[in-house]
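Chain order of the listed sequences is A and B.
So in this note's numbering, spot 74 of the first sequence is number 74, and the numbers just go up one at a time.
So in this note's numbering, spot 35 of the second sequence is number 35, and the numbers just go up one at a time.
Derived from the structure by calculation, the hints contain no laboratory data.
One or more of the hints may lead you astray.
Unchecked claim - Result set (BS3-like, lysine-lysine): computed pairs, CA atoms no more than 25 angstroms apart in a straight line:
#1 Lys42(A) to Lys101(B)
#2 Lys15(A) to Lys34(A)
#3 Lys30(B) to Lys61(A)
#4 Lys51(A) to Lys61(A)
#5 Lys42(A) to Lys69(B)
#6 Lys5(A) to Lys69(B)
#7 Lys30(A) to Lys61(A)
#8 Lys34(A) to Lys71(B)
#9 Lys69(B) to Lys15(A)
#10 Lys51(A) to Lys30(A)
#11 Lys30(A) to Lys71(B)
#12 Lys69(B) to Lys32(A)
#13 Lys14(B) to Lys15(A)
#14 Lys32(A) to Lys51(A)
#15 Lys71(B) to Lys42(A)
#16 Lys51(A) to Lys34(A)
#17 Lys32(A) to Lys5(A)
#18 Lys5(A) to Lys61(A)
#19 Lys51(A) to Lys30(B)
#20 Lys71(B) to Lys51(A)
#21 Lys15(A) to Lys101(B)
#22 Lys34(A) to Lys5(A)
Note that the coordinates shown come from a computational prediction; the quantities given were computed from them, not determined experimentally.
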Amino acid sequence: MVEVKNWDEFFEQTKELMRQNPSRTRYSIKYKTKPGAALVIKITDNSTVLKFTTSERSDLKRIEELTGWMLAAMTEQEQPHA
Amino acid sequence: MRLEHDGFLHQLGKLYEASRDTHSVWVTLKRVEAAALEKSKPKGARAPADELAAASGQPQCLVRATNGKRKISCVVDAPQIARFQLELMTVMRANADGLKKKPKASKKAKLSLVEQ
Numbered sequence: 001m002v003e004v005k006n007w008d009e010f011f012e013q014t015k016e017l018m019r020q021n022p023s024r025t026r027y028s029i030k031y032k033t034k035p036g037a038a039l040v041i042k043i044t045d046n047s048t049v050l051k052f053t054t055s056e057r058s059d060l061k062r063i064e065e066l067t068g069w070m071l072a073a074m075t076e077q078e079q080p081h082a
Numbered sequence: 001m002r003l004e005h006d007g008f009l010h011q012l013g014k015l016y017e018a019s020r021d022t023h024s025v026w027v028t029l030k031r032v033e034a035a036a037l038e039k040s041k042p043k044g045a046r047a048p049a050d051e052l053a054a055a056s057g058q059p060q061c062l063v064r065a066t067n068g069k070r071k072i073s074c075v076v077d078a079p080q081i082a083r084f085q086l087e088l089m090t091v092m093r094a095n096a097d098g099l100k101k102k103p104k105a106s107k108k109a110k111l112s113l114v115e116q
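All chains, full assembly: derive it from the sequences and hints.
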């Protein structure tokens, strides 16, 4: 379990994981309300886990970008793009 | 329960509302090959949105959501991702309203709520 604090780093590592193992990598967004509202992003391929936590509303923009990238990567026939 | 896009997004909104202050809500995305999807299709579930894409073997994205009690899912394929992403984020944005609104610069600042 790796808790990544820096978003850019997190995004890069996510891409790398997806490139290595596109069919097994899954991506989850958890919205929790306790103790405080927060979004927890988790990426895993069953051996590596990347986690990013935020309680900032502005991070929704980043999550949107990541979600778009992941959707594209997951529906692509070939290897995910850079 | 496998749903169409619109149904899924609608139910996702309801899931967020029903879980407000009580449960966490997970949204999970994973790649899925059409063949595997066909096998695991639950009884009584509606067919995937696009049968053509399913037949061509193009990988699709399975989107699942749960609050620990109810489970819903839908399948997104390549031509639909842009629209789906937009609508998914709209639902999330509307429901993740407990998040702090103070923008930028203060990732760890606990003051943001007070300042507003």
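How the hints compare with the structure:
no. : hint                  : result
1   : Lys42(A) to Lys101(B) : holds, 22 angstroms
2   : Lys15(A) to Lys34(A)  : violated, 30 angstroms
3   : Lys30(B) to Lys61(A)  : holds, 21 angstroms
4   : Lys51(A) to Lys61(A)  : holds, 17 angstroms
5   : Lys42(A) to Lys69(B)  : holds, 20 angstroms
6   : Lys5(A) to Lys69(B)   : violated, 30 angstroms
7   : Lys30(A) to Lys61(A)  : holds, 16 angstroms
8   : Lys34(A) to Lys71(B)  : holds, 21 angstroms
9   : Lys69(B) to Lys15(A)  : violated, 31 angstroms
10  : Lys51(A) to Lys30(A)  : holds, 11 angstroms
11  : Lys30(A) to Lys71(B)  : holds, 14 angstroms
12  : Lys69(B) to Lys32(A)  : holds, 15 angstroms
13  : Lys14(B) to Lys15(A)  : violated, 31 angstroms
14  : Lys32(A) to Lys51(A)  : holds, 14 angstroms
15  : Lys71(B) to Lys42(A)  : holds, 19 angstroms
16  : Lys51(A) to Lys34(A)  : holds, 18 angstroms
17  : Lys32(A) to Lys5(A)   : holds, 18 angstroms
18  : Lys5(A) to Lys61(A)   : holds, 16 angstroms
19  : Lys51(A) to Lys30(B)  : holds, 16 angstroms
20  : Lys71(B) to Lys51(A)  : holds, 23 angstroms
21  : Lys15(A) to Lys101(B) : violated, 28 angstroms
22  : Lys34(A) to Lys5(A)   : holds, 20 angstroms
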